[in-house]
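Since chain A is already given, all that's left is putting chain B on it; use the hints.
Keeping their order, the protein sequence lines are chains A and B.
Residue numbering for the first sequence is 1388 to 1833, as defined by the numbering used here.
Residue numbering for the second sequence is 1388 to 1833, as defined by the numbering used here.
Since the hints were derived computationally from the structure, they do not count as laboratory data.
Treat the hints with care, as some may be off.
Heads up, the list lumps identical chains together, so a pair's fine if it works in one copy or across two of them.
Stated by the list, open to error - Once the Cα atoms are required to be at most 35 angstroms apart in a straight line, the calculated DSBU-like pairs of lysine-lysine come out as:
| id | residue 1 | residue 2 |
| --- | --- | --- |
| 1 | K1682 | K1770 |
| 2 | K1420 | K1439 |
| 3 | K1439 | K1578 |
| 4 | K1728 | K1578 |
| 5 | K1687 | K1439 |
| 6 | K1749 | K1513 |
| 7 | K1728 | K1439 |
| 8 | K1439 | K1757 |
| 9 | K1749 | K1439 |
| 10 | K1798 | K1777 |
| 11 | K1420 | K1513 |
| 12 | K1728 | K1420 |
| 13 | K1822 | K1439 |
| 14 | K1682 | K1777 |
| 15 | K1687 | K1770 |
| 16 | K1770 | K1757 |
| 17 | K1728 | K1749 |
| 18 | K1728 | K1399 |
| 19 | K1420 | K1682 |
| 20 | K1513 | K1757 |
| 21 | K1798 | K1808 |
| 22 | K1420 | K1478 |
| 23 | K1822 | K1757 |
| 24 | K1728 | K1757 |
| 25 | K1822 | K1578 |
| 26 | K1777 | K1439 |
| 27 | K1513 | K1808 |
| 28 | K1770 | K1513 |
Owing to the predicted nature of the structure, the values given are computational and were not obtained by experimental measurement.
Now for the letters of each chain:
There are 2 protein chains.
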Amino acid sequence: MRLSRYFLPLLKETPASAEIASHRFMLRAGMVKQHSAGIYSWLPLGYKVMRKIEQIVREEQNRAGAVEMLMPTIQPAELWRESDRYDDYGKEMLRITDRSGRELLYGPTNEEMLTDVFRTFVRSYKELPQLLYHIQWKFRDEVRPRFGVMRGREFLMKDAYSFDIDMDAAVVSYNKMFIAYLNTFARMGLKAVPMRADTGPIGGDLSHEFLILADTGESEVFCHADLVDMPAPGLDVDFETDLQSLVDERTSLYARTDEMHDKAAFEAEVPEDKRLTARGIEVGHIFCFGDKYSKSMGAKVMGPDGREHFAQMGSYGVGVSRLVGGIIEASHDEAGIIWPKSVAPFGAGILNLRVGDEACDKVCEDIYSKLGTAGIDPLYDDKPDRGGVKFSRMDLIGLPYQIIVGPRGLKDGIVEVKDRKTGERQNLSPDAAVKFITAQFADMSI
Amino acid sequence: MRLSRYFLPLLKETPASAEIASHRFMLRAGMVKQHSAGIYSWLPLGYKVMRKIEQIVREEQNRAGAVEMLMPTIQPAELWRESDRYDDYGKEMLRITDRSGRELLYGPTNEEMLTDVFRTFVRSYKELPQLLYHIQWKFRDEVRPRFGVMRGREFLMKDAYSFDIDMDAAVVSYNKMFIAYLNTFARMGLKAVPMRADTGPIGGDLSHEFLILADTGESEVFCHADLVDMPAPGLDVDFETDLQSLVDERTSLYARTDEMHDKAAFEAEVPEDKRLTARGIEVGHIFCFGDKYSKSMGAKVMGPDGREHFAQMGSYGVGVSRLVGGIIEASHDEAGIIWPKSVAPFGAGILNLRVGDEACDKVCEDIYSKLGTAGIDPLYDDKPDRGGVKFSRMDLIGLPYQIIVGPRGLKDGIVEVKDRKTGERQNLSPDAAVKFITAQFADMSI
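Excised from the complex, chain A in its bound form:
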């Protein structure tokens, strides 16, 4: 993409309303614009990052055997009356009446709706397990939306739902999502720690939250330090095998948010030098709640024993739009964002320090074309601004690599390559620069 044809409206001033780094940088870098409290437009740069995150989530859901579908944003109120959550949800639920007086709502989650799909079509244990997901906008009318997209009202969530014949099978589905989540967050460059969690309005008694550690996190967390550095299971995990030991390896170590924290247990279970207290941002939450919805909504299947059984269910959420902010909280410096390669909106930036200079233009066009062909998706700063503007703009938007092309270097046949994360700079020929950057993207394993 040529910057001259892109829509990247940067702000010079940091908006006073932005309390945390991700909110500040997302506004300054022209990633979002707020229209109403907690309701945002995703401008091209922000949208591109969100799509990359969404795609990683999708690939890892598919790898775990979940099947994608899409439920609507608007739901009929009757479904929520059946499960008895319509009144429970309180003012957080955006309630709507249509032109015919029917009561609708903007879905804050989809347990009821997918249970309705399931009970319409599935009759026999032979059609189980079912593990379905969608990636759809949700609305929760928060009393105090804040921190930009971290606590928005309209937000993008991946939510999966599992249906099994009994609790043993339900735990198998739960474990698939548990492991898929570890890989998902690792692919985004995040260290996400699973913690025993309260189930809240979703219900059930088996539940884990996945938190990334960051100073601005909303929860205080207490965990065994080894959990933070434990590597993800990896993309070659066979989801058809028993995953229990992989799950146990993590859940056997103490890790809880303040809501569930038990000081005595923490001190008894964790040696003093391994006791980690930090702040965390919730990026995923999984639940196994048995027959809570299948019972109230009548989602039954015929079992191998010839009798009807309520489906044993779980639900599994990832905050896709929230992750955009979460990744920035975990990865930035004074100058701006530092995108992990896997979610960077563009792989590299090309800075033409003298637009209009024949040699600079030619080399930039050549690098632009070659990086494009190599699948790096470069952003070419072809605007007639001075160097200082270009340097700080590129640092702010945080692409992993910068290629700086100026007339002085070109006299010696070199361009400068800067690594945004380490700040390391090296002088290379234009072709070597292309080769170097392409090589950095060749290995995207976790």
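The following block gives chain B in isolation, referenced to the frame of chain A:
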């Protein structure tokens, strides 16, 4: 995908409520489930087709130089008061009041919202043209939602918006979308005819609808027969060149819907043997409306003359979810859907006529793996049903090719390949079948 692990809930009976072929087949093939009038879940098969359509739309928008972003579904009412459309829109607009008493609405379109984005950030003609689009769910509270996804209330639309310094430049943007639309629909196997259109509540006086011809179309259309068979401009069109002559080639021939039809002009301009009267389904609509929104909402830029100018705007819609139905209307037979290759949910179906038979299982697994590697994305019917069930199921869901693997053929080392569209069958070795099908997908040009 293995059918045994997929969620494909077929209906045996045709629901009485379904009046047209696409609605009937989408319900029978387990593509959608209705939750409330005009509000649907997209089950995995339907969702996959919609995603493919969305991706074609996206690629052609990008090719034309439009930049993707995403606006929220929920909008503040004040924006629509500024443009004076809040009351105009009537009961079709889904109005919402949030917990703090603020008036919101579920966006039926986004002229106001993007004009708000534009006026916030763009100050100078140097930043023009801007051509931005998003693909987002909309809601229109239709008095009588019907025909399945063809006239739903919650529907997916691609809407683009252009901002230019003057009307001449605005027409350049308009022409880009005009040509991009012809290529977009052609890639989906559709013959879409641009017709002079009424601008309705959007405004302006330059507008074209794109209609595909189908017996069940909601509008009567009158056009020069040559328009129907005119080939699309092609994917090698250079959008930076003057596209006026490509547009004129089409617009110079008579083509109007009943709303705009002028019998005298039709008969004067079109020779009798070229007068085509048919029914059509609107799948796209483009508008050039000048300063209608920029003036009421104060979206001005500094011009090269040092004075402020209202941006000259256009908007450009494609009905993404509606196209799923539109394509089925244009391409089906008695037995079911016939997907064009470019939007088929899976490239080919593999029918194992004797699951459990060692030879059949082995050959099917081998074909499944090879087609997968070749990027054909096959659906493997590995369910223990009898042949008749498998044949009619595969015909109903309409994948372009079927590979039928049975013990009798395998004795002679052959499988049967069926072309869903032509019904042609050929006996081939398993490897030749894979090769044949792979070759059919090699050329996806329009």
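I want to check one pair: K1420 and K1513. Are their C-alpha atoms no more than 35 angstroms apart within a copy, between two copies, both, or neither?
Classified as between; 22 angstroms across copies, 49 angstroms inside a copy.
Under a CA distance limit of 35 angstroms, which applies to K1770 and K1757: within one copy, between copies, both, or neither?
Only inside one copy: K1770 and K1757 sit 20 angstroms apart there, 48 angstroms across copies, limit 35 angstroms.
Which holds for K1420 with K1682 at a C-alpha limit of 35 angstroms: within a copy, between copies, both or neither?
Close across copies (21 angstroms), not inside one copy (43 angstroms); limit 35 angstroms.
From the Cα coordinates, with 35 angstroms as the cut-off, is the pair K1682 and K1770 best called within, between, both, or neither?
between (62 angstroms within a copy, 29 angstroms between copies)
Status of K1513 relative to K1770 across identical chains (alpha carbons, at most 35 angstroms)
between (61 angstroms within a copy, 11 angstroms between copies)
Could you place K1798 and K1777 in one of the four classes (within, between, both, neither) given a Cα distance threshold of 35 angstroms?
within (21 angstroms within a copy, 69 angstroms between copies)
Within a copy, between copies, both or neither: which one fits K1822 and K1757 at a CA-CA cutoff of 35 angstroms?
both (9 angstroms within a copy, 32 angstroms between copies)
Status of K1439 relative to K1420 across identical chains (alpha carbons, at most 35 angstroms)
both (19 angstroms within a copy, 29 angstroms between copies)
State whether the alpha carbon distance between K1822 and K1439 is at most 35 angstroms within one copy, between copies, both, or neither.
both (24 angstroms within a copy, 33 angstroms between copies)
State whether the alpha carbon distance between K1749 and K1513 is at most 35 angstroms within one copy, between copies, both, or neither.
between (63 angstroms within a copy, 23 angstroms between copies)
Can you give me the call for K1728 and K1420, within, between, both or neither, at a CA distance of at most 35 angstroms?
within (24 angstroms within a copy, 39 angstroms between copies)
When no copy is specified for K1687 and K1770, does a C-alpha distance of 35 angstroms or less occur within a copy, between copies, both, or neither?
between (62 angstroms within a copy, 22 angstroms between copies)
Violated hints are absent here; each numbered hint is respected by the structure.
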